[in-house]
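Chains X and F are the protein sequences, given in the same order.
All the letters of the first sequence, read from the start, carry residue numbers 1 to 299 under our numbering.
All the letters of the second sequence, read from the start, carry residue numbers 1 to 517 under our numbering.
No wet-lab data here; the hints were simulated from the structure.
Among the clues, some could well be false.
Claimed, not checked - Restraint-style ranges between C-beta atoms, simulated for each label pair: (1) Arg35/F to Leu203/X: 37 to 47 Å; (2) Glu176/X to Asn453/F: 24 to 34 Å; (3) Tyr52/X to Pro486/F: 33 to 43 Å; (4) Pro486/F to Val294/X: 50 to 60 Å.
As the list claims (entries may be wrong) - For the chain X half of the interface with chain F, some residues (derived, Cβ under 8 Å), not all of them: (5) Asp25; (6) Val28; (7) Tyr29; (8) His183; (9) Pro229; (10) Arg230.
Stated by the list, open to error - Sample of chain X residues lacking proximity to chain F, with all beta carbon distances greater than 10 Å (derived): (11) Pro3; (12) Lys24; (13) Arg151.
Ideal Cβ placement from N, Cα and C applies to all residues, glycine included.
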Amino acid sequence: MNPNMKRLRRSMMFLNCQKPGLIKDPYVYAPDSIMLDLEDAVAEKEKDAARYSLYHALQEIDYRGVERVVRINGLDTDLWIEDIRCSVAGGCDSIRIPKTETAADVKKVEAAVAAAEKEFGVEEGRTLIMAALESARGVMNAFEICQSSPRLFGIALSGGDYTKDLQTTISGTGVELMGARQHMIIAARAAGVQCFDTVYTNLNDMEGFRKDVETIHTMGFDGKSIINPRQIPIVHEIYTPKPKDIIFAEKVVHEIDTKKAQGIGVFTVDGKMIDIAFYDGAKRTLALAKASGVYKGDL
Amino acid sequence: MRNAVGREIPDEILKATGKEPFQGNNYKNGVPFRRQGPIIRPVMDNQHSKLVKDIHEALVKCRAHSGMTISFHHHFREGDLIVNMVMEEIHKMGLKNITLAATSLGKAHDPLVPMIEDGTITRIEASGVRGKIGQAISDGKLKGLAIMRSHGGRVRSLVTGETKVDIAFIGAPTSDDYGNLRGIGGKTNCGVLSYSHVDGDCAEYVVAITDCLVPFPNFPAHISMTKVDYVCVVDAIGIPEKIATGAAKPTTDQRKLMMAEYCTQVVVNTPYFKDGFSYQTGVGGASIASTISLTKIMEERGIKMGFGVGGLTKPMCDLLDRGMVRVLMDTQAFDLDAVSNVINPAHHRITAGAYANPFNKGAFVNKLDYVILASLEVDVHFNCNVVVGSDGVITGAQGGHPDTAQGAKCTIVICPLLQGRIPAICSEVTTVTTPGESVDIVVTDYGVAVNPNRHDLLECLRKADCVPLKTIEELRDIAYSIVGEPEPVQFEDRIVGIIEARDGTIMDVVRQVKKYD
């Protein structure tokens, strides 16, 4: 399996490929992933120029470990195949498919990515895929989409188009997104892939943004799409395990390892009943804490 | 001769100016000198009127002549009308070879360029020059030298008699008919008149220019009638909206916020951050954001500032209003909130001399714990350049940069690693304006570098593990790895300006920019 399938992706920052100033050093803000956009942010007559910037940025800039995802144009355009060729030739890490509605959409992209890897001598299977679900149909097909390709590491909700399709608008309360969010996270977990939430566009309401991130964190999402670097510290803060959670997770892992050797299946840690079912969760907390730079232990 | 910051100062310049090369910050510490004063023409006649009908009459009465030196302050910033007004009259009178000794010159003074070209103005002494005058000097149009000196250095230059001002023109928001001047009131409120005090003390003639004549006595006077020869009333001395604008909105630029946070972490994790500490900061987005985030930590830890000094902005005045700083010492108001805040009894006006003159018996800058500064370029020796752009053109001002940098116990320079596609952290700055020995910490968006001479501060920050520490060479290398190492700017041989150190020695020279072929 590609080792990047399960990497940490708390924050995915959209960047317009048409603007070199934005894509030259976004890694200073330390997002987990950047989303180099060839789609909606790029004016129709600037698509070629944006691809040119993208290719050279991917080739020349050391993004210092930040994942480089490219959002290609929709499969209903005549742009997406060239977008994929350009992205794969540049050496991007992943392709984001917009407006994904079916497993067949992913298959089409998968084939184009494989062809591009072959054409440009990129290691086979190196380029991953994620699918953005932007319609009721896409959301309803979430599970089949999640299972559509070994390259697919996750799905993301795109709230703007999705709410249009539902014939409603973004209210700020999250009510209109509730069903899709719940459905998608369940589908993603069932298929063993990651799940990402939509952008929060009101940059003047950082408190609203914080609440939104807290909600999706509680729901189980792996991360959130963001549109401004100011949003990154908030996402990372919420996703960073708290010291008490890290200490508890350490105890759980240690106790399960010890008790297992002694043939004990159920026991208590800090007054809470613990068994093997807690093991993966505790390990995940420690891995997240380590990735967030707040845990330096060896568990 | 090579000076203490490694810059070659040609003998011809040393001879022509009678100056020495810079030999380190404390070279003139304790060296005695006799303070120089002007000739005074006593006014004993109680019928004497100081009012003149226009600038022309003031010039005639002050014996304006070719070759004279005239001075101005820059409290009206880009809204200043006085320099142009006076120079137009001098131009009409056909006077030549004028030395313009303003505290600073900006874009408001672009109309003076033709007077540089025709020889009306042949020398300029200022903190710095922005706009078309800077370009004209760098293009070699000024026949004599431009001398760029700090606010403190300017006061030194006047009190030692190195700069002899024939006529000082002091724009005053209010004046009475006997020359009691105040920086507040009237149509062109600027809050303080700090930069002009020394002109009042040292110029042969002092002319107050106001657009708001008030009944005698205009008191308490910021500059006293005892120093003023003539008072001239004109229609307008400044454009109010360009003098002080509304307070800048706190920045939302995450890069600046990151640098602000690093800066705040540096401050709160170094030993001078304790109750009663002193602090100066600038008007840049990161500086203001840092003041705001510092305030939160001061509140959490129950720490209050002893004094804040310098050019002031709303966030510093807010600290005073909230009782978070004991007193503010004001040399310049940068926004309308700072202008109106001078009515607070703990908001004190000070002179530029008290603020920063290195040749008095101790200036406020010497008592600073922290100063937060910006810079166009910083090199691996921690030298800063705040005057000459990376294209070699004079485009900025020293202001109080060298004064506060030397004075403060912890001098922090905030500078993004790249200015567009120019590396701001570089091997050698284009021009040295503040020596590296004055600079302790450089904060960039890519990390924080501590001057190796301050291993005490480095140890504190290492222990606190609060900011990404890098060496200055590492920062330079990152910058070069992103945008490449630029070719040095091409200059002609002719020296068009000198950067004077605080003590009057020569820090660096500025040469004419070579035309691009």
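A quick look at each hint next to the structure:
Taking the beta carbon of each, Arg35/F and Leu203/X are about 56 Å apart, not inside 37 to 47 Å as hinted. Between Glu176/X and Asn453/F the C-beta distance comes to about 60 Å, which lies outside the given range of 24 to 34 Å. The hinted window of 33 to 43 Å between Tyr52/X and Pro486/F is violated, with their beta carbons roughly 24 Å apart. Between Pro486/F and Val294/X, the C-beta spacing of about 39 Å breaks the proposed range 50 to 60 Å.
Checking Asp25/X against chain F: minimum C-beta separation of about 7 Å stays under 8 Å; hint holds. Taken as an interface hint, Val28/X checks out: its beta carbon lies about 5 Å from the nearest beta carbon of chain F, inside 8 Å. For Tyr29/X, the suggested interface contact is upheld, since its CB lies about 6 Å from the closest CB of chain F, less than 8 Å. Because the smallest distance between the Cβ of His183/X and any Cβ of chain F comes to about 33 Å, over 8 Å, the interface hint for this residue is violated.
For the restraint placing Pro229/X at the interface with chain F, the shortest Cβ-Cβ distance is roughly 4 Å, inside the 8 Å limit, so the hint holds. Nearest Cβ of chain F to the Cβ of Arg230/X: about 5 Å, under the 8 Å cut. The hint holds. Listed as outside the interface, Pro3/X is consistent with that label: its C-beta sits roughly 26 Å from the nearest C-beta of chain F, beyond the 10 Å cut-off. The Cβ of Lys24/X sits about 7 Å from the closest Cβ of chain F, inside the 10 Å cut-off, so the non-interface label is violated.
At the 10 Å boundary, the C-beta of Arg151/X stays outside the reach of chain F, the nearest C-beta of that chain being 31 Å off.
When the structure is compared with the earlier hints, violations turn up for hints 1, 2, 3, 4, 8, 12 and for no others.
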